[in-house]
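FYI, the numbering for the sequence shown is -23 to -1, 1 to 137, going by mature numbering (1 follows the signal peptide of the UniProt record, and there is no 0).
Heads up, a few of these hints could be off.
No more than 27 Å apart at the CA atoms, straight line, and that leaves these computed lysine-lysine pairs for DSSO-like [stated by the list, open to error]:
hint : residue 1 : residue 2
1    : 17        : 29
2    : 134       : 17
3    : 68        : 7
4    : 137       : 29
5    : 134       : 117
6    : 7         : 117
7    : 123       : 13
8    : 131       : 29
9    : 117       : 17
10   : 68        : 123
11   : 123       : 17
12   : 68        : 13
13   : 123       : 50
14   : 29        : 13
15   : 68        : 131
16   : 137       : 17
17   : 68        : 117
18   : 134       : 7
19   : 13        : 50
20   : 29        : 134
21   : 134       : 50
22   : 123       : 7
The following label-pair restraints were derived from C-beta to C-beta distances [what the hints assert, rightly or not]:
hint : residue 1 : residue 2 : range
23   : 84        : 37        : 24 to 34 Å
24   : 5         : 64        : 34 to 44 Å
25   : 131       : 54        : 20 to 30 Å
26   : 64        : 87        : 17 to 27 Å
27   : 128       : 13        : 27 to 37 Å
28   : 128       : 73        : 13 to 23 Å
29   : 3         : 102       : 37 to 47 Å
Hints in this document: simulated from the structure, not taken from any laboratory. This one's a predicted model, so the numbers in the text were calculated from it and none came from an experiment. Quick reminder that beta carbons are idealized off the backbone N, C-alpha and C, glycines included.
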Amino acid sequence: MKINRYKIIMLSLCWLFGFKAYSQQIDTAKENGAIKQLIKNYEDAWNRHDPKGLADNYTLDATWVNWFGAYYKGRDDIQFHYRQVHTTYFKSTHYYTRAVEDISYPYPNLAISHVRTGLDGDERYPGETFEFRRMIVLVKRDGVWKILAGQNAKLEKGVK
């Protein structure tokens, strides 16, 4: 029986690509749990008003854009920002996670999530509660998920 060389090459490529796709499958329940724990750790650090604890959720090379559009680059800059605001107008705030709206995985070590949050106690806006939608890009390095980049958007009244 004569085997066509083209067929052998095609079957080999299919096997290789199939193996690669299979090897990149992830346990989303496990990874979602780890990412949700990071989100909870962030919330807990915020409510302790712990700038280092907040910054520890970010990679060393992370970027962050707050709801006013200010841009912070690197964990040290992010920690400095949190130290400034948590000793002034955010010192009595309460932050909460309303929902982790989604988590998607473009690659096994890269995730994108949208998180609904709220904040009250901002001294600049007495008596007001704000709702936000955070978009965070997370990376898994050395087995640990951290925030690589993110942006916070303040939701106007009535936005779902």
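Hint consistency between residue 68 and residue 131 [alpha-carbon to alpha-carbon, up to 27 Å]: holds, 19 Å
CA of residue 7 to CA of residue 117, is that 27 Å or under? holds, 13 Å
So if I understand the rule, the pair passes when the alpha-carbon distance is 27 Å or less; does residue 134 with residue 50 pass? violated, 30 Å
Going straight from one Cα to the other, do residue 123 and residue 13 come out at no more than 27 Å? holds, 11 Å
Looking only at beta-carbon atoms, does the pair residue 131, residue 54 fall within the given range of 20 to 30 Å? Check passed, 21 Å falls within 20 to 30 Å.
Verdict for residue 3, residue 102 (Cβ pair) under range 37 to 47 Å: holds, 41 Å
Given the hinted pair residue 68 and residue 117, is their Cα-Cα distance within 27 Å? violated, 31 Å
Verdict for residue 64, residue 87 (Cβ pair) under range 17 to 27 Å: At 34 Å between Cβs, range violated.
What's the verdict on residue 68 and residue 13, does the C-alpha distance respect the 27 Å limit or exceed it? Status holds; Cα separation ~25 Å.
27 Å Cα cutoff - pair residue 123, residue 50: Since the Cα atoms of residue 123 and residue 50 sit roughly 15 Å apart, the hinted pair holds (cutoff 27 Å).
Are the Cα atoms of residue 68 and residue 123 separated by 27 Å or less? Given that 27 Å is the threshold and the Cα spacing comes to 25 Å, the pair holds.
Is it true that the CA of residue 137 sits at most 27 Å from the CA of residue 17? The given pair, whose Cα atoms are some 22 Å apart, holds under the 27 Å limit.
Violated hints, listed in ascending order, are 3, 4, 5, 17, 18, 20, 21, 23, 26, 27; each of the other numbered hints is respected by the structure.
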